[in-house]
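Relying on the hints, combine the two individually framed chains into one complex.
Residue numbers (the numbering used here), protein chains in the order written: chain A, 88 to 250; chain B, 2 to 207.
If you're looking for bench data, these hints aren't it; they were derived computationally from the structure.
The structure presented is a predicted model; accordingly, all values stated were derived computationally and were not measured.
Where is the CB? At the ideal position from N, CA and C, for every residue including glycine.
Certain hints may be false.
Think about it this way: if two alpha-carbon atoms lie no more than 27 Å apart in a straight line, the pair counts; the simulated BS3-like pairs of lysine-lysine are [what the hints assert, rightly or not]:
| id | chain 1 | residue 1 | chain 2 | residue 2 |
| --- | --- | --- | --- | --- |
| 1 | B | Lys89 | A | Lys139 |
| 2 | B | Lys89 | A | Lys104 |
| 3 | A | Lys139 | B | Lys27 |
| 4 | B | Lys29 | A | Lys139 |
| 5 | A | Lys131 | B | Lys186 |
| 6 | B | Lys88 | A | Lys139 |
| 7 | B | Lys174 | A | Lys104 |
| 8 | B | Lys174 | A | Lys139 |
| 9 | A | Lys139 | B | Lys186 |
| 10 | B | Lys182 | A | Lys128 |
| 11 | B | Lys71 | B | Lys29 |
| 12 | B | Lys186 | A | Lys128 |
| 13 | B | Lys174 | B | Lys186 |
| 14 | A | Lys128 | B | Lys59 |
DEER-style ranges, computed between Cβ atoms [claimed, not checked]:
| id | chain 1 | residue 1 | chain 2 | residue 2 | range |
| --- | --- | --- | --- | --- | --- |
| 15 | A | Ser147 | B | Glu85 | 52 to 62 Å |
| 16 | B | Ala128 | A | Glu168 | 48 to 58 Å |
| 17 | A | Glu102 | B | Arg140 | 20 to 30 Å |
So, partial list: chain B residues that the calculated Cβ filter (under 7 Å) puts toward chain A [claimed, not checked]:
| id | residue |
| --- | --- |
| 18 | Lys27 |
| 19 | Ala31 |
| 20 | Ser34 |
| 21 | Lys71 |
Each chain, written out:
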Amino acid sequence: MRCQDIERLIIEYSERKLSQEELGAIEEHLAQCTACTCFEKDFKNIRISLQKMSPLTPPSELERRIRDMCQEELSSRLAAEKQRVSLTHPSHVPWIIWVALVSLIVLTALLLVSLFKNIGLNQPLSFGDAFILAVILQNAVMLFFAPVIIRKYQTQSRSFRLI
Amino acid sequence: MQPESSGGTRGAELTAQPVFDELYDKYKDAVFSFACYLTRNLGEAEDLFQDAWLRVVKHLPEKVEMKSIKAWIFTIVTNLYRDELRKKRVRRLFLFPKAGTPDLEEAKVSALVGESVSDPAEIANQAQIKREITRAIDRLPERQRRVFVLKEIAGFPQAEISDILGTPIGTVKSLIHRAVKRLQKELSSYNPKGERPKCDAKILSV
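So here's chain B without its partners, still in its complex pose (with noise of 0.2 Å):
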């Protein structure tokens, strides 16, 4: 990503609207989601979205690499959140903290339920089981959440994420790992035989 030093006016007035547009119109709905896997709450969400894109476009380089600059566009929201929920530290010291609001909760059901799939109770069920993985990701605690929805919802590779968020790939790991054992615990009722099996292979050599 390197700003354009020279060329003049003319080559920035040609280049910088269609970049943006383009970037906007490839990554507005990853960032959205984004956005509100993170603060679990539609006008937060909103709200980040605006300001991501707003500080995208205020430094957005002339000729850029389309490569990274998807992470660089995460990064920039995750900076904001991450101002955010500093803001608010105090603040919630004080007040309840928020759940999903049903809009926002309503939205990502009606997001997960897109399939084709014929039977009613099948969609039903599916709905349901959609709702409790949403709800179960929602409740994961905030860094956990952030490295996993980086991973699964935006698609970033773990050495990926640990440049965006700044911590090492050993942390970047171990965030991951948990959260999975965390969504896994917490999805259990949805296991047919409904309880989680014991290790039985204490500890094996290769």
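Isolated chain A (complex conformation) (with noise of 0.2 Å):
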């Protein structure tokens, strides 16, 4: 073997295991060679000052400006993946609106009844009927915006748990 070739192998020996065959070869060689014998001790002293440093630590200011980043980074991957989540896998609409909107289509019925009977008999628009029709009104409109309402509120409000 040459000094090369025993050179890598001192410098392998310090991460793995040698062979039986590598390890006499070694030391038959470092035996007769004062070169690979002093690359050896040099390789060790090197190494040794190396382990002996302690690492250098980044400073204070930086590592708080680092965490600051980091963690508002996260933030945003962690809001944009609720928002993809939300969009490819929409929510169960919450009951309540669900027993809003029937509420809703009920008493527009009753008004629209009511109303119907006050026109049959041919008397004058009142007050009242008046008041019945702007309130019908106002419930066609909701009901017409309702599943606007309903997606917007799936999509935008993080915190909504009332499933």
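Structure follows, in structure tokens:
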């Protein structure tokens, strides 16, 4: 084996167990080669010196800045992930919304029945009838926009936990 | 390292932050040391350190294997440094190469002198020797320094260094060998005999 091979084996010896054959070759070579003996000693000394040194630490200001930036990145990543999930997997409409919608429809029907009854009797449009018409109109608008409101509520509200 | 595919956002919220904190606390010093030795400049090392952690957090999978994560982080640092070198190459043609800044050298030396040696003369002597080792590492050629620091400072085996750098294992071994030889030559003034012995066993058969 050449000196170069022995030196490479010496370096490898620092990270893995060598075979008996390899160890024998090193020993045999080192017994006769002062250069490789010196290499082995110097390599060991360099390693010892490097192992003794404590690692460099980042300045505290830099650390604080990095932690803040990473925290921000994680938060925005989480928000984006939540939005993606809510868009791809829309959540169920809360029961309270359904109850409100059904109540609205029933109320509208009752008011309409009452209004048509008055109109059928050929009575002039009273203040009460005008009020009923206004309520019906409002209910119709609300029912029309209900899906839009629900959708907006699902995508924007992060703390919605009524289900 | 598999990104979490299911489990929803709640899982991500619960795992990503603690995983990042654990990784940061565990590897920040090693990564910073590595950045310092790579760049040889405190300002650049800080920039590299910051960019590396931002990239880590950006690509951090929710579930990580702690065995391979260290190599992954160092791969990120190495790639960022390569990008930075590429950008600077043209500029450096017109500028003198920067030596290690005094503040960084002082930081390295103060890190070196951490042992319990009572004799002031001995402390000064050790500090001087270690200062020379640090300078010798800084003077290594780019590729040799990168490989040597990954092996001896970051503690990676040669096979993993090969993966991190995307370099064949044979090249890694060769670069480490050349780096150690060069360090040995540079530090020969601290050899008590003051001269390097010549090889007297030319080719030995096994």
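Outcome of the hint check:
1. B:Lys89 with A:Lys139: Distance ~34 Å between Lys89 of chain B and Lys139 of chain A Cα, so the pair is violated.
2. B:Lys89 with A:Lys104: Given that 27 Å is the threshold and the Cα spacing comes to 41 Å, the pair is violated.
3. A:Lys139 with B:Lys27: 19 Å, holds
4. B:Lys29 with A:Lys139: With Cα atoms ~18 Å apart, Lys29 of chain B and Lys139 of chain A stay inside 27 Å; holds.
5. A:Lys131 with B:Lys186: Roughly 14 Å separates the two Cα atoms, so the pair holds.
6. B:Lys88 with A:Lys139: 35 Å, violated
7. B:Lys174 with A:Lys104: OK: Lys174 of chain B and Lys104 of chain A at ~16 Å, within 27 Å.
8. B:Lys174 with A:Lys139: 24 Å, holds
9. A:Lys139 with B:Lys186: 21 Å, holds
10. B:Lys182 with A:Lys128: Holds, at about 12 Å.
11. B:Lys71 with B:Lys29: 11 Å, holds
12. B:Lys186 with A:Lys128: 13 Å, holds
13. B:Lys174 with B:Lys186: 18 Å, holds
14. A:Lys128 with B:Lys59: 44 Å, violated
15. A:Ser147 with B:Glu85: 52 to 62 Å: Violated, since Ser147 of chain A and Glu85 of chain B (Cβ atoms, about 24 Å apart) do not stay within the stated range.
16. B:Ala128 with A:Glu168: 48 to 58 Å: 50 Å, holds
17. A:Glu102 with B:Arg140: 20 to 30 Å: The hinted range 20 to 30 Å holds for Glu102 of chain A and Arg140 of chain B, with Cβ atoms some 24 Å apart.
18. Lys27: Violated - the Cβ of Lys27 of chain B stays beyond 7 Å from chain A, reaching only about 12 Å at its closest.
19. Ala31: Where the cut-off is 7 Å and the nearest Cβ of chain A is about 6 Å from Ala31 of chain B, the hint holds.
20. Ser34: 4 Å, holds
21. Lys71: Violated. Min distance 14 Å.
Going through the hint list in order, the structure does not satisfy hints 1, 2, 6, 14, 15, 18 and 21.
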